[in-house]
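Engineer: So the sequence lines, in the order shown, correspond to chains A and B.
First residue of the first sequence: 1, per the numbering used here; consecutive thereafter.
First residue of the second sequence: 1, per the numbering used here; consecutive thereafter.
No lab work stands behind these hints, which were simulated from the structure alone.
Wrong hints could be hidden among the right ones.
[To be verified] The calculated BS3-like cross-link candidates involving lysine-lysine, where the alpha carbons are at most 27 Å apart (straight line), are: (1) B:LYS33 to A:LYS197; (2) A:LYS101 to B:LYS118; (3) A:LYS295 to B:LYS112; (4) A:LYS238 to A:LYS58; (5) B:LYS23 to A:LYS101; (6) B:LYS114 to A:LYS197; (7) B:LYS84 to A:LYS202; (8) B:LYS73 to B:LYS118; (9) B:LYS31 to B:LYS118; (10) A:LYS197 to B:LYS31; (11) B:LYS31 to A:LYS202; (12) A:LYS58 to A:LYS197; (13) A:LYS202 to B:LYS118; (14) A:LYS101 to B:LYS31; (15) B:LYS114 to B:LYS31; (16) B:LYS18 to A:LYS202; (17) A:LYS197 to B:LYS124; (18) B:LYS140 to B:LYS114; (19) A:LYS295 to B:LYS140.
Just so you know, these numbers come straight off a predicted model, no measurement behind them.
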Amino acid sequence: MYLLNRIQRHRVNYTWMIVSLLLVASLPFLLFLGLYLKSFLLIHDYHLGDLLFSKVWKPGSGKFGFYPFIVGSIWVTLLAMLISAPICLLTAIYVTQYTRKRFLRIMHPAIDILAGIPSVVYGVWGILVIVPFISRFVGPLFGVQTLGYSILAAALVLSVMVIPFILNILIEVFRTIPVELKEASLSLGATQWQTVKSVLVKKALPGIIAAYGFGLARAFGETMAVLMVVGNVVKLPKSVFDPGYTLPALIANNYGEMLSIPKYESALMFAALILLAVSLFFNLVMHFFIDRYNKFSA
Amino acid sequence: MEPTTKIHIENLNVYAGKQQILKNINIEIPKNKITVILGPSGCGKTTLLKCMNRLTDLYPELKVTGKVMINDKNVLEAGEDIVKLRQYMGLLSQRPYPLPMTIYNNIAFGLKLKGVKKRRNLHKQVVRYLQQANLWDEVKNRLREPASRLSIGQQQRLCLARGLAVNPEIILADEPTSALDPISSQYIEEKFVELKNDYTIVLVTHVLRQARRIADFVVFMYLGEVIEQGTVEEVFGNPKMEKTKQYLGGTFN
Chain A
1 MYLLNRIQRH
11 RVNYTWMIVS
21 LLLVASLPFL
31 LFLGLYLKSF
41 LLIHDYHLGD
51 LLFSKVWKPG
61 SGKFGFYPFI
71 VGSIWVTLLA
81 MLISAPICLL
91 TAIYVTQYTR
101 KRFLRIMHPA
111 IDILAGIPSV
121 VYGVWGILVI
131 VPFISRFVGP
141 LFGVQTLGYS
151 ILAAALVLSV
161 MVIPFILNIL
171 IEVFRTIPVE
181 LKEASLSLGA
191 TQWQTVKSVL
201 VKKALPGIIA
211 AYGFGLARAF
221 GETMAVLMVV
231 GNVVKLPKSV
241 FDPGYTLPAL
251 IANNYGEMLS
261 IPKYESALMF
271 AALILLAVSL
281 FFNLVMHFFI
291 DRYNKFSA
Chain B
1 MEPTTKIHIE
11 NLNVYAGKQQ
21 ILKNINIEIP
31 KNKITVILGP
41 SGCGKTTLLK
51 CMNRLTDLYP
61 ELKVTGKVMI
71 NDKNVLEAGE
81 DIVKLRQYMG
91 LLSQRPYPLP
101 MTIYNNIAFG
111 LKLKGVKKRR
121 NLHKQVVRYL
131 QQANLWDEVK
141 NRLREPASRL
151 SIGQQQRLCL
161 ARGLAVNPEI
171 ILADEPTSAL
181 DPISSQYIEE
191 KFVELKNDYT
201 IVLVTHVLRQ
211 ARRIADFVVF
221 MYLGEVIEQG
231 TVEEVFGNPK
241 MEKTKQYLGG
251 TFN
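Using the sequences and the accompanying hints, generate a full structural model.
Structural biologist: As structure tokens, this is what we get:
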């Protein structure tokens with residue numbers, strides 16, 4: 001027999017559920033708070049504007065300008081999304097609308113394998129394949145001399161890395177659209193492409209935005225593979241062939257070293273805070289668009 | 001006077017892998033009449049309907065053989081023309097699936113596909129078809145709202161208007177009232193009786209009373225076969241086959 005009667009068991013389990021929920025729900029706030037406290041030293045002594053928009057990064061002489069890192073992160077992320085977004089959308093439409101179901105069953109494991117590859121492996125692949133490819137072919141093609149370690153290399157590696165994540169969501173999004181909607185459009189005399197373009201993509205739009213939002217957040221935070229190919233030079237990149245530096249790479253490269261420099265640790269924590277804030281921002285923007293869409297169209 | 005045949009189905013067979021879903025179907029669907037396809041769930045009624053405008057294309061696992069003749073064209077061998085052929089047939093499905101756009105654009109979508117371009121003309125026709133489906137008074141002030149905000153009954157009327165807007169000759173309806181309340185259902189039924197003057201209607205249903213109320217012709221199907229077909233008086237009043245008698249008498253098993 002049980003130690004407690006069923007009403008008591010109900011109460012105990014109920015309490016545990018609440019405790020777990022509170023724990024999960026409070027984690028982001030605790031993270032924010034922790035990072036804020038850790039970077040307080042820096043924020044307290046400097047203007048927020050100076051920190052975010054100054055280009056000079058000389059921790060030894062107390063100059064902390066995060067602008068090159070922020071710009072580097074944004075370039076790499078946006079370029080990666082620019083490459084992967086259309087590829088993912090077209091692939092998702094093709095495998096869900098134009099092929100037999102069996103094909104999707106083969107695709108899924110392939111995508112999952114791609115998603116499961118450790119990022120350091122992607123980094124190595126970037127160094128061995130992408131970097132020389134850019135320095136030998138792409139650079140000369142545009143008449144640019146480059147070592148290959150560049151924003152472009154990071155973006156290419158990153159775009160391959162986020163494809164499985166975005167693609168998996170997109171496939172799910174398109175699969176949940178009822179086939180009757182497709183039938184309705186076709187029966188009105190639309191071609192398959194017109195159906196895809198005017199009906200299915202429209203119907204899927206909130207899901208597509210969400211998929212891209214997740215991809216963006218992931219790309220923005222990706223550390224290892226990017227730091228291996230981006231060049232890690234603190235300088236404002238003038239073109240995609242220039243090397244750059246990203247926020248996650250800054251933290252990963254320096255944390256644990258040079259902590260004897262005053263405020264250095266605070267500065268790295270501040271970089272982490274920016275990362276978190278930007279992810280949060282992406283998330284809010286995404287939800288804003290989805291809500292708006294659900295309210296005013298569809 | 002003998003009614004003229006609008007849809008002529010000959011030796012239609014549909015296979016899904018090794019399973020045969022439709023077995024040697026031969027039907028004549030008369031013009032300007034309501035033909036009801038009757039039968040228990042899973043007997044192939046919906047598949048038969050989908051063969052008529054070849055929505056079977058969406059299910060690559062299906063293999064379709066035979067002939068579905070509409071206006072002397074075999075739908076099954078139409079190739080690219082199927083896009084145009086489908087516009088001869090409006091489709092009304094079990095539940096309304098409004099297109100993910102405004103009420104206005106739900107109607108305008110088909111019109112634009114038909115080549116209506118001028119704004120004023122477009123608007124005139126949208127109004128006309130919404131009126132024809134008795135929806136205009138309810139939506140005239142909310143044409144720019146998403147269609148998903150309408151009630152289910154209104155959505156089904158919108159789908160009817162949308163189907164009529166491409167100016168079809170045939171209406172294919174697949175249990176169009178099964179998700180609706182009695183009043184909306186009655187409304188659709190009355191509309192069908194009114195519409196048969198201008199259209200040929202094929203209605204799939206398993207509601208016997210509905211069939212009796214509005215059918216001119218009845219096709220009774222069971223397990224992928226046509227068991228019996230004829231006028232509503234023949235099939236309901238004097239069924240020849242044992243299976244039909246059982247189904248109509250409610251002693252089916």
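Engineer: The structure should be examined with respect to each hint, and the outcome stated for every one.
Structural biologist: Hint check results:
Only pairs whose Cα atoms come within 27 Å are accepted, and LYS33 of chain B paired with LYS197 of chain A is rejected, the gap being roughly 36 Å. Restraint check for LYS101 of chain A and LYS118 of chain B: not satisfied, since their Cα atoms lie roughly 41 Å apart, outside the 27 Å limit. At most 27 Å may separate the alpha-carbon atoms for a hinted pair to count; LYS295 of chain A and LYS112 of chain B meet this at roughly 25 Å. For the given pair, LYS238 of chain A sits about 21 Å from LYS58 of chain A by alpha-carbon distance, which is consistent with the 27 Å threshold.
Note on LYS23 of chain B and LYS101 of chain A: the hinted pairing holds, with a Cα-Cα distance of about 25 Å set against a maximum of 27 Å. A C-alpha spacing of about 17 Å is found between LYS114 of chain B and LYS197 of chain A, which places the hinted pair at or below 27 Å, so the restraint holds. Distance check on the hinted pair: LYS84 of chain B and LYS202 of chain A sit about 23 Å apart at the alpha-carbon level, within 27 Å; holds. Distance hint between LYS73 of chain B and LYS118 of chain B is unfulfilled; the C-alpha atoms sit about 31 Å from each other, more than 27 Å.
In summary, the hint linking LYS31 of chain B to LYS118 of chain B is not supported, as the alpha carbons are separated by about 33 Å, beyond the 27 Å threshold. At most 27 Å may separate the alpha-carbon atoms for a hinted pair to count; LYS197 of chain A and LYS31 of chain B exceed this at roughly 35 Å. Restraint check for LYS31 of chain B and LYS202 of chain A: the C-alpha separation of about 37 Å exceeds 27 Å, so the hint is violated. This hinted pair does not check out: LYS58 of chain A and LYS197 of chain A have alpha carbons roughly 51 Å apart, beyond 27 Å.
Proximity of LYS202 of chain A to LYS118 of chain B is assessed by CA-CA distance (about 24 Å); at most 27 Å being required, the pair is judged to hold. A threshold of 27 Å between alpha carbons decides the hint, and for LYS101 of chain A with LYS31 of chain B the separation of about 38 Å lies outside it, so the pair is violated. The hinted pair formed by LYS114 of chain B and LYS31 of chain B meets the criterion: a straight-line CA distance of about 23 Å does not exceed 27 Å. For the proposed pair LYS18 of chain B and LYS202 of chain A, the alpha carbon gap of about 37 Å is over 27 Å, so the pair is violated.
Among the hinted pairs, LYS197 of chain A with LYS124 of chain B is consistent with the structure: their alpha-carbon atoms are about 26 Å apart, no more than 27 Å. At roughly 23 Å between alpha-carbon atoms, LYS140 of chain B and LYS114 of chain B fall within 27 Å of each other, so this suggested pair holds. Straight-line distance between C-alpha atoms of LYS295 of chain A and LYS140 of chain B comes to about 20 Å, which keeps the hinted pair within the 27 Å bound.
In this structure, the earlier hints numbered 1, 2, 8, 9, 10, 11, 12, 14 and 16 are contradicted, and the remaining ones agree with it.
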